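There are 2 protein chains.
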Amino acid sequence: MTEDSIVAKLRRYSRFLGDDCAVIRPRPNEDLLFTTDFSIENVHFTRDQKASGIGHRALARSLSDIAAMGGKPRYCLVSLALAPWTNSRWIDGFYRGLLKLARSTATELAGGDLSHSSQLTCDVMVCGSIARGQALPRSGAKPGDTIYVSGPLGGWTHKPVIVPRLQLGRKLVGKANACMDISDGLALDLYRLCRESGVAADIQSIPLLPGATVQQALRDGEDYELLYTAAASRRVPGIAIGSIRQGRPGALTYAGKRLEPKGYDHTQHCT
Amino acid sequence: MTEDSIVAKLRRYSRFLGDDCAVIRPRPNEDLLFTTDFSIENVHFTRDQKASGIGHRALARSLSDIAAMGGKPRYCLVSLALAPWTNSRWIDGFYRGLLKLARSTATELAGGDLSHSSQLTCDVMVCGSIARGQALPRSGAKPGDTIYVSGPLGGWTHKPVIVPRLQLGRKLVGKANACMDISDGLALDLYRLCRESGVAADIQSIPLLPGATVQQALRDGEDYELLYTAAASRRVPGIAIGSIRQGRPGALTYAGKRLEPKGYDHTQHCT
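Top line first, the protein sequences correspond to chains A and V. Numbering of the first sequence is given in the numbering used here, commencing with residue 24 and proceeding in unit increments. Numbering of the second sequence is given in the numbering used here, commencing with residue 24 and proceeding in unit increments.
Since the hints were made in silico from the structure, they are not lab data. In this text, all values refer to a predicted model and were calculated from it rather than measured experimentally. Take the hints with a grain of salt, since some may be wrong.
[Said to hold, decoys possible] Examples of chain V residues toward chain A, derived with CB under 8 Å:
#1 H139
#2 M148
#3 D288
[Stated by the list, open to error] A short list of chain V residues far from chain A (calculated; beta carbon distances all over 12 Å):
#4 E26
#5 L159
#6 A235
#7 A263
[What the hints assert, rightly or not] When the alpha-carbon atoms are kept at most 16 Å apart in a straight line, the in silico EDC-like pairs for lysine to aspartate or glutamate are as follows:
#8 V:K285 <-> A:E131
#9 A:K285 <-> V:D27
#10 A:K285 <-> V:E26
#11 A:K285 <-> A:E245
#12 V:K32 <-> V:D115
#13 A:K95 <-> A:E53
#14 V:K285 <-> A:E26
#15 A:K95 <-> A:E131
#16 V:K165 <-> V:E219
#17 A:K123 <-> A:E53
#18 A:K165 <-> A:E245
#19 V:K73 <-> V:D27
Ideal Cβ positions, reconstructed from N, Cα and C, are used throughout, including at glycine.
Model the full assembly from the supplied sequences, consistent with the hints where possible.
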């Protein structure tokens with residue numbers, strides 16, 4: 024199992040892998056969206072999970088960012104550092120899971136890098152597209168907006184499979200004032216949206232996954248539902264959870280009480 | 024030192040970091056180039072090296088791929104998984120080295136991801152641009168072409184600083200028939216160029232860095248010089264090292280003797 028033999032296999036699935044760079048021809052009147060997300064052993068997954076599920080999740084995390092901007096995914100680059108325990112069967116399973124999700128979302132494998140590390144490490148870059156000037160920002164929330172989430176929350180222990188909300192994201196273009204995905208818990212992510220928009224927010228109620236607690240929904244992260252705001256007069260799909268108001272940027276309340284903007288911090292080592 | 028505090032610092036250097044994705048507006052009549060490269064502790068660098076040098080090298084590896092296509096760098100995404108030993112001074116140094124090279128090559132920091140790992144791990148994606156249809160492929164080498172390298176070789180032990188050959192790459196557009204950068208040793212990389220082009224090659228002589236051996240130039244990798252071919256009648260800059268001929272795709276000779284296409288394989292763990 025050499026670098027060239029892995030690339031030779033992947034070339035069956037990609038028209039791009041022969042050169043130093045993938046060459047992409049942009050379409051007229053489109054903006055491009057770029058995002059990248061790590062998937063690291065013992066941080067985002069453990070090696071006892073199915074290889075195909077790890078591959079699915081590695082791509083799904085980045086697709087969720089494309090969904091949050093209202094875009095369509097176009098291309099992905101997959102960087103993979105193999106661990107000493109990975110064998111060719113694991114590698115096949117990983118790419119099978121990743122490429123299945125890529126096909127179903129019309130995301131083309133356009134390149135990547137291969138290396139090795141003590142912890143298996145994957146970094147997936149996705150390039151998406153959206154009609155010029157139509158991308159959904161975090162910074163557009165306005166006082167009086169209703170706040171929505173795309174589904175029930177509960178954090179990573181209750182959300183085994185990530186389903187990127189690509190269709191919903193596209194429906195929100197021209198309707199939502201602000202949008203992002205919930206990766207680090209509702210409290211921290213809503214704080215970020217409010218700070219970018221220069222507004223405050225009150226949460227009235229939080230839809231929960233079966234068995235999940237409010238604290239898990241607020242703090243645990245990895246829900247990958249969309250969090251967005253729209254004028255109260257607009258009809259938009261989703262579950263209303265509260266409203267935007269004037270106030271100190273990023274100030275939050277839940278059920279009338281002050282809410283601290285704490286959630287999952289990706290730079291902190293587990294202790 | 025939290026995720027948000029690192030991002031807050033980086034926003035001084037980037038107009039992109041507030042949203043889930045960076046939004047890029049392509050220019051008309053340009054193709055875009057995508058490439059990504061890992062820089063991993065104990066694989067590509069060791070922690071006793073200067074943080075600024077590690078940052079420089081992490082970006083330089085990807086810029087070298089843009090150079091190999093004849094392109095101009097435009098944007099980069101920097102994914103960084105911090106190790107337990109990294110502190111805020113190290114992080115500042117890393118970004119200082121990376122951003123200095125970014126500024127000097129007109130590469131804008133457009134996003135990235137932050138996480139943690141036992142080995143410090145960085146993955147840098149660069150998006151470049153080139154006039155439509157002008158990208159230099161690996162696959163265009165023709166029998167009779169002269170083979171060139173952009174400078175003396177010797178592998179990573181003799182090449183402490185990577186200088187991406189961006190200006191040279193742009194000069195080769197419309198002149199070179201095939202081009203790539205030498206990351207895994209001259210033998211393996213020339214084999215790849217010849218296999219993509221369906222040709223064979225004879226190397227007559229190899230320019231060496233002071234103290235380097237021919238074996239190091241052929242096998243060690245991490246030179247990041249350009250390797251390219253052009254019709255013998257064309258005047259192109261560079262050092263001629265041999266010529267392309269018809270033959271089994273990828274067949275190589277050096278000084279009249281058969282040369283095995285072996286070099287550095289990034290998927291193999293050191294033993």
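Hint check:
Residue-level restraint check for V:H139 holds (minimum Cβ-Cβ distance to chain A is 5 Å; threshold 8 Å). Proximity of V:M148 to chain A holds as hinted, the smallest CB-CB distance being about 5 Å (cut-off 8 Å). The interface hint given for V:D288 holds, since its Cβ lies 5 Å from the closest Cβ of chain A, which is under the 8 Å cut-off. Chain A draws V:E26 into its interface by the beta-carbon criterion, the shortest separation being 5 Å against a cut-off of 12 Å.
Annotated as non-interface, V:L159 brings its C-beta within 12 Å of a C-beta of chain A; the closest such distance is 9 Å. Every beta carbon of chain A lies more than 12 Å from that of V:A235, the smallest distance being close to 23 Å; the non-interface claim holds. No beta-carbon of chain A is positioned within 12 Å of the beta-carbon of V:A263; the least distance is around 21 Å. The hinted pair formed by V:K285 and A:E131 fails the criterion: a straight-line CA distance of about 30 Å is larger than 16 Å.
About 11 Å separates the Cα atoms of A:K285 and V:D27, which keeps this hinted pair within 16 Å; it holds. About 12 Å separates the Cα atoms of A:K285 and V:E26, which keeps this hinted pair within 16 Å; it holds. For the hint linking A:K285 to A:E245, the alpha-carbon distance of about 14 Å falls within 16 Å, and the restraint holds. A C-alpha spacing of about 9 Å is found between V:K32 and V:D115, which places the hinted pair at or below 16 Å, so the restraint holds.
Pair hint A:K95 plus A:E53 holds up; C-alpha atoms about 11 Å apart against a cutoff of 16 Å. Taken as a hint, the V:K285 and A:E26 pair is honoured in the structure, with Cα atoms around 12 Å apart against an allowance of 16 Å. For the suggested pair A:K95 and A:E131, the alpha carbons sit about 12 Å apart, so the restraint of at most 16 Å is met. Using a Cα cut-off of 16 Å, the hinted pair V:K165 and V:E219 holds, with the two alpha carbons roughly 11 Å apart.
Note on A:K123 and A:E53: the hinted pairing is violated, with a Cα-Cα distance of about 26 Å set against a maximum of 16 Å. About 26 Å separates the Cα atoms of A:K165 and A:E245, which puts this hinted pair outside 16 Å; it is violated. In summary, the hint linking V:K73 to V:D27 is not supported, as the alpha carbons are separated by about 25 Å, beyond the 16 Å threshold.
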